[in-house]
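Trainee: Sequence:
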Amino acid sequence: MHDHNWEVLKDNRGRNKEKEPTNELERLRKRVRELEAEKRESEVQIAFAKKLVEIRNREVHRPDDIKRFKK
Numbered sequence: 003m004h005d006h007n008w009e010v011l012k013d014n015r016g017r018n019k020e021k022e023p024t025n026e027l028e029r030l031r032k033r034v035r036e037l038e039a040e041k042r043e044s045e046v047q048i049a050f051a052k053k054l055v056e057i058r059n060r061e062v063h064r065p066d067d068i069k070r071f072k073k
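Per the working numbering, the very first residue in the sequence shown carries number 3; after that it's consecutive.
Do not rely on the hints blindly, as some may be mistaken.
What the hints assert, rightly or not - Pairs of lysine-lysine, DSS-like flavour, derived with a Cα cap of 25 Å:
| no. | residue 1 | residue 2 |
| --- | --- | --- |
| 1 | K41 | K53 |
| 2 | K12 | K41 |
| 3 | K41 | K21 |
| 4 | K21 | K32 |
| 5 | K52 | K41 |
| 6 | K32 | K19 |
| 7 | K12 | K32 |
Hints listed in this document are in silico derivations from the structure and should not be mistaken for laboratory results.
Could you build all of it, start to finish, from the sequences and the hints given here?
Mentor: What follows is the structure, given as structure tokens:
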């Protein structure tokens, strides 16, 4: 009855259903695209974090006086 599949909550109106890969090569290509997208996303997150640290440290006058993130 309840299979806890979160994909059922996704709004797919107006979109075609994604075809399942028919062979091993297509399945592997799809997996490579997914991994590349994850890699790009993590690179963007890292770049954002570095830029945020740089912006927060702009007002620091001494190199050893680094502001730390507060939780």
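Trainee: Now tell me if each hint is right for this structure.
Mentor: Taking the hints in turn, this is what the structure says about them:
Distance restraint check for K41 and K53: the Cα-Cα separation of roughly 18 Å lies within the 25 Å cut-off, and the hinted pair is therefore satisfied. Taking the CA atoms of K12 and K41, the gap is near 23 Å; set against the 25 Å cutoff, the hint holds. Note on K41 and K21: the hinted pairing holds, with a Cα-Cα distance of about 23 Å set against a maximum of 25 Å. Only pairs whose Cα atoms come within 25 Å are accepted, and K21 paired with K32 is accepted, the gap being roughly 11 Å.
A C-alpha spacing of about 17 Å is found between K52 and K41, which places the hinted pair at or below 25 Å, so the restraint holds. Using a Cα cut-off of 25 Å, the hinted pair K32 and K19 holds, with the two alpha carbons roughly 15 Å apart. Between K12 and K32, the direct Cα distance comes to roughly 20 Å. Compliance with the 25 Å bound is thereby established for this hinted pair.
Checked against the numbered hints listed earlier, the structure breaks none of them; every hint is satisfied.
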